[in-house]
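Could you build the full structure based on these sequences and the hints that come with them?
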Amino acid sequence: MKRVLILIIIIAGCIGQQQLQFQSCSPAEQAVTIGEGEELEFSCVLTDSPNVSYMWYVDEEMVSQDSIFTFSEAPGTYTVAIEVTYGRETISHEWEVTVEESLASLDFSIIESKVEAIRGLKFLESVRRIVIDRMEMRENFLEDIQEDREAIEIEQKVYEALHVWNPEDDLFQVYIDVMTEQVASYYDTGDHTYYQVVDPGSPLAYQEFIASHELVHALQDQHHLL
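Using our numbering, read the sequence shown as starting at 1 and increasing by one per residue.
If you're looking for bench data, these hints aren't it; they were derived computationally from the structure. Treat the hints with caution; some may be incorrect.
Said to hold, decoys possible - Cβ pair distances, simulated, as ranges:
| # | residue 1 | residue 2 | range |
| --- | --- | --- | --- |
| 1 | E60 | Q220 | 42 to 50 Å |
| 2 | H192 | E168 | 34 to 42 Å |
| 3 | I110 | A31 | 25 to 33 Å |
| 4 | L225 | T33 | 35 to 43 Å |
| 5 | E160 | Y54 | 37 to 45 Å |
| 6 | G120 | E83 | 47 to 55 Å |
| 7 | I145 | H192 | 13 to 21 Å |
| 8 | I110 | A28 | 29 to 37 Å |
| 9 | E96 | G120 | 44 to 52 Å |
Ideal Cβ positions, reconstructed from N, Cα and C, are used throughout, including at glycine.
This is the structure:
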């Protein structure tokens, strides 16, 4: 009888233990290329949220134990890895990151100087910049807009009552899709960071125009004009 009871307890413990699984990781691609001097933010979302521990590695050297890791290295090829541990279970994910030497990349110090001259204000500190792709931007927007979801649902009902909106279309999803497709880059006043969205093949002059516009927001933020 004792053996049966022990077996039941063991089985119940195995069933009750949460199984670690990644729901998504960012960047979504496992092979990523960035330019010299750029930062790249890495993170993974679990299907469940137990009290886990994180360990980040660059070329097998442990570099962080935070849930999010910001990568910035000299030109070269690197292996970035995350290990998530809960109890005796550990899962991992890897990326291959290539940092290209920037021969024709944006010189942000020159752009900042031009913005200062035009606006008549000086940057109080260097603007933090993180390079992301459109999938990462979409995830950021999803997180930010969640608090407005109820208001957007009410807005959709108003449009439906006015017969200007198809009830089968999701206005919340449309907002996310439009922002993901149309926003070039953005400056976040919450964490005082310029999120530079990398679109392969975009002209350097276009990138400079977008960066100048967003750095104006950063300058205004530093001088409390926003």
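Looking back at the hints listed earlier, which ones does the structure fail to meet? The structure conflicts with no hint, since it agrees with every one listed earlier.
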